[in-house]
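The listed protein sequences derive, respectively, from chains C and S.
Everything in the first sequence is counted per our numbering, starting at 510 for the first residue and increasing by one.
Everything in the second sequence is counted per our numbering, starting at 510 for the first residue and increasing by one.
Calculated from the structure, these hints are not laboratory results.
One or more hints might be untrue.
Identical chains share a label here; the pair holds if one copy fits it or two copies do between them.
When the alpha-carbon atoms are kept at most 30 Å apart in a straight line, the in silico DSS-like pairs for lysine-lysine are as follows [as the list claims (entries may be wrong)]: (1) K625 <-> K747; (2) K557 <-> K586; (3) K747 <-> K515; (4) K665 <-> K625; (5) K625 <-> K794; (6) K586 <-> K625; (7) K515 <-> K702; (8) K586 <-> K835; (9) K689 <-> K558; (10) K515 <-> K718; (11) K835 <-> K515; (12) K515 <-> K689; (13) K702 <-> K689; (14) K689 <-> K650; (15) K689 <-> K794; (16) K586 <-> K649; (17) K718 <-> K557; (18) K702 <-> K557.
Bear in mind the structure is a predicted one, so any value in this text is a computation, not a measurement.
Now for the letters of each chain:
There are 2 protein chains.
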Amino acid sequence: MPELRKDPIIGRWVIIATERAARPMDFAKEKDPVALNNNCPFCEGQKKKTPPEILAYHPPGRAKDSPDWWISVVSNKFPALGVEGDLDRRGDGIYDRMNGVGAHEVIIECPDHDKKYFELAPIHAGDMLWSFRERILDLKKDPRMEYILIFKNHGKAAGASLAHPHAQLIALPMVPAHVKQEISGGRQYIDFKERCIFCDIVSQELSAKSRIVDENEDFLCFAPYASRFPFETWIIPKHHQSHFETTERPQIDRMASLLQSTLSRMDSVLGNPPFNYILHSAPLKEPPMAHFHWHLEIIPKLTHVAGFEWGSGFYINPMPPEQAAKYLREANLSSIKEPAHAN
Amino acid sequence: MPELRKDPIIGRWVIIATERAARPMDFAKEKDPVALNNNCPFCEGQKKKTPPEILAYHPPGRAKDSPDWWISVVSNKFPALGVEGDLDRRGDGIYDRMNGVGAHEVIIECPDHDKKYFELAPIHAGDMLWSFRERILDLKKDPRMEYILIFKNHGKAAGASLAHPHAQLIALPMVPAHVKQEISGGRQYIDFKERCIFCDIVSQELSAKSRIVDENEDFLCFAPYASRFPFETWIIPKHHQSHFETTERPQIDRMASLLQSTLSRMDSVLGNPPFNYILHSAPLKEPPMAHFHWHLEIIPKLTHVAGFEWGSGFYINPMPPEQAAKYLREANLSSIKEPAHAN
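Excised from the complex, chain C in its bound form (with noise of 0.2 Å):
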């Protein structure tokens, strides 16, 4: 089982996979991602090749682990953490480690390989971030669970090891350092100014216009003030929530048109950039937060400069958010089907 140990400094937790470990030359000849139908799991006909679906949207009367569906969750073969056991939380000296307890899954985005999600049907696109939901109300019943951490990585110097569109779910026994972070901040805000941080972001980039990308009703799509990566990204929900799992399927289904609308918008100013998104939502065992308010990051990974900043928490951006707002903003968006605002 994978072990999970906390940073004594710091205190962040890592999860250190013990038992396959590879070869230190392994890491040296690394693999292109799959890029070919024939050999990819997640492709129709192949599917065999993963664990049994855990949920599938397909039409009504088909046969679990057939084929014949449009969004597929699965385990991963090769997950992080293991779902069975206990934490078995324990010291080792100044050290603290607990079990590797928790779940990966894969969220196929659709049986096409080669789509990309701003391609699907509206409707589709909608049921995508509609999985996310339905898995973490699932996954939430366990009472081991404390953070479910949903990411895309998309390319392979995102970290992507397969091509076919896909999402991942991490769920943990802990709450990951950068949301503890916002959440420590949020409070310390709201301390001083009895207000949610996030909406008076919300609110200053809607009067300042500079930096916003898109927005719709329910969303607003910007270029953070403080951003650390070119044409880093931020959806957020213009009203307060803190818990992503609380969205209705109306605000789904804008939240999924901004979120096309924005990829679609960076395929085209970037050329089919390789990159990162996640979902920053509330701890699964906090009541509603007043000080934190959910919110999806999307970073595509354009540059390499990124090494010291692991080991400084310092970044260099040479992209001024009010320019990378701007090319997204102008950005052709034929590639689109639907009116990207179609509320």
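Guided by the hints, dock chain S onto chain C, whose structure is given.
Just chain S now, kept in the frame of chain C:
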């Protein structure tokens, strides 16, 4: 002038290069590091392409900026921060910014384009670290500066744009986020335990032995218990010391010896891997701190899986540090010119 902007949620500063922004497609066609001697501005004969030297180690009687040096420190030709001007801290609605005042220097390790640090003569390797100390002591006189970050990018994947061996120095008007977190973690620990967390780590690693890579009289080289990255390795003084710049020459030489052997081990085990190292020292204006302890973090850049880590602060490490340490400990050190442990 570049701009420093503060993230309003978690308080992390970033440098936004407001003037020389690249066009979007420039990010797509990334260049390889300059690999050819005849184009390298750090090679002898081409050095007129670099700004004038700030510090050089050379034989007596040599004229400034003439050939015949073994270490040369120059300003970065494309600095992330400018030396001139006031900080001019100001608000922008809920946001905070200041002018991008600081220094950005390059420490050229040797005149030879193809030499690696571990191939240098021991005295020369010691001079390299000594030049860090000299530059810190000089820049510390500038009251605008709060922190000096010294780091090295080796290889394209680690962010190097020039192949000629060099390290970099950035003097900043604030303390970087990760160092702040380490200081605050150290403060919490000392409040509770009345001991330095770093000293406790040294002591536990020396007795556990399994994560030790190498050691000498003054320094320990080990793989941290909660390593974020495969083969992450730290070098730390065995005796408490908060500021790197208070290190004396005999210790600097022993540090250089251990850094040489460690980089040689990595080279031998991982085949000339891209890597970063980052020096974490106490903030310039702090008196000696009982709860912080300087150290050097070495991070080979072996995997692309770090995409979503940026957005979560959550790391999955496929190489247990005990195994990484064993590989490095048992590495073939034939490429080192002198015994690594020459004290």
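Structure-based check of all given hints:
| no. | hint | result |
| --- | --- | --- |
| 1 | K625 <-> K747 | within (26 Å within a copy, 53 Å between copies) |
| 2 | K557 <-> K586 | within (12 Å within a copy, 56 Å between copies) |
| 3 | K747 <-> K515 | between (35 Å within a copy, 22 Å between copies) |
| 4 | K665 <-> K625 | both (15 Å within a copy, 29 Å between copies) |
| 5 | K625 <-> K794 | neither (34 Å within a copy, 51 Å between copies) |
| 6 | K586 <-> K625 | within (23 Å within a copy, 41 Å between copies) |
| 7 | K515 <-> K702 | between (33 Å within a copy, 18 Å between copies) |
| 8 | K586 <-> K835 | between (41 Å within a copy, 29 Å between copies) |
| 9 | K689 <-> K558 | neither (37 Å within a copy, 46 Å between copies) |
| 10 | K515 <-> K718 | between (41 Å within a copy, 19 Å between copies) |
| 11 | K835 <-> K515 | between (41 Å within a copy, 21 Å between copies) |
| 12 | K515 <-> K689 | both (14 Å within a copy, 18 Å between copies) |
| 13 | K702 <-> K689 | both (20 Å within a copy, 24 Å between copies) |
| 14 | K689 <-> K650 | within (22 Å within a copy, 37 Å between copies) |
| 15 | K689 <-> K794 | both (14 Å within a copy, 29 Å between copies) |
| 16 | K586 <-> K649 | within (22 Å within a copy, 53 Å between copies) |
| 17 | K718 <-> K557 | neither (49 Å within a copy, 45 Å between copies) |
| 18 | K702 <-> K557 | neither (55 Å within a copy, 55 Å between copies) |
Going down the numbered hints, you'll see the structure goes against 5, 9, 17, 18, while the others check out.
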